[in-house]
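Just so you know, we're using the numbering used here here: the sequence shown kicks off at 1 and counts up by one.
Hints are computed from structural coordinates only; laboratory data are not their basis.
Hints are not guaranteed to be accurate.
The calculated BS3-like cross-link candidates involving lysine-lysine, where the alpha carbons are at most 27 Å apart (straight line), are [said to hold, decoys possible]: (1) 135 <-> 29; (2) 151 <-> 65; (3) 48 <-> 135; (4) 135 <-> 151; (5) 41 <-> 122; (6) 65 <-> 29; (7) 135 <-> 122; (8) 82 <-> 151; (9) 29 <-> 122; (10) 82 <-> 48; (11) 65 <-> 41; (12) 65 <-> 135; (13) 135 <-> 41.
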Amino acid sequence: MKKIILTFSLIIGITATLSAQSTDETAVKAVIDQLFTGMQKHDTTMIKAVFHPSIRMQSIGMSRKTQQMELTTENGIADFVKQIGSLPASLAIEERLLSYEIRIDGQMATAWTPYEFYANGKFSHCGVDAFQLFKTPEGWRIIALADTRRKDCGK
1 MKKIILTFSL
11 IIGITATLSA
21 QSTDETAVKA
31 VIDQLFTGMQ
41 KHDTTMIKAV
51 FHPSIRMQSI
61 GMSRKTQQME
71 LTTENGIADF
81 VKQIGSLPAS
91 LAIEERLLSY
101 EIRIDGQMAT
111 AWTPYEFYAN
121 GKFSHCGVDA
131 FQLFKTPEGW
141 RIIALADTRR
151 KDCGK
């Protein structure tokens, strides 16, 4: 009888853990989706809502000057939001996420999302977005975002 109770308790515990993780994974994915929906709509309020105030943003891409891969660091969320907000309404941007790999440990999550970027329906570049998120009392917020930018994506 003790073995049956122990087995039942383990099953309930595992089920509860998987359910919580699934809920958190859904919430993390929703934050990422909101970022790209906001970018597509040029909606700076929607974009700002997903970031933690201490966000760190970096990109790895080909330098136009040196023709070498380089790491660039954005000056913060304000510059990024200003850049998206100042895009002409006629410029349609779309970052198509190809998949999501989400890992969660308590209040921290990591998401790896390969993407293709399009401007006015024309392929621009591709790469991977690597997100770090923190679960605040208000929900998941992006605390770090690094991306790669390449042209050689089989297009």
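Item to check | Hinted pair residue 41 and residue 122, Cα distance within 27 Å | outcome: holds (17 Å)
Item to check | 27 Å limit on alpha-carbon distance, applied to hinted pair residue 135 and residue 122 | outcome: violated (36 Å)
Checklist entry - Regarding the pair residue 135 and residue 151, is the alpha-carbon distance no greater than 27 Å? => result violated (34 Å)
Checklist entry - Straight-line Cα separation of residue 65 and residue 135 no greater than 27 Å? => result Not satisfied, since the Cα-Cα distance of roughly 39 Å exceeds 27 Å.
Checklist entry - Holds or violated: residue 65 with residue 41, Cα cutoff 27 Å? => result violated (31 Å)
Checklist entry - Does the structure keep residue 29 and residue 122 at a Cα separation of 27 Å or less? => result Cα-Cα ~25 Å, so holds.
Next on the checklist: Against the 27 Å threshold, does the CA-CA distance of residue 65 and residue 29 hold or violate the hint?
Outcome noted: violated (36 Å)
Item to check | Satisfaction of hint between residue 29 and residue 135, Cα-Cα up to 27 Å | outcome: Cα-Cα ~13 Å, so holds.
Next on the checklist: Please verify whether residue 151 and residue 65 have alpha carbons no more than 27 Å apart.
Outcome noted: holds (16 Å)
Item to check | Satisfaction of hint between residue 135 and residue 48, Cα-Cα up to 27 Å | outcome: Between residue 48 and residue 135 the Cα gap is close to 16 Å, so the pair holds against 27 Å.
Checklist entry - Are the Cα positions of residue 82 and residue 48 separated by 27 Å at most? => result It holds: about 10 Å lies between the C-alpha atoms, which stays within 27 Å.
Next on the checklist: Please verify whether residue 135 and residue 41 have alpha carbons no more than 27 Å apart.
Outcome noted: holds (25 Å)
When held up to the earlier numbered hints, the structure conflicts with 4, 6, 7, 11 and 12 and fits the remainder.
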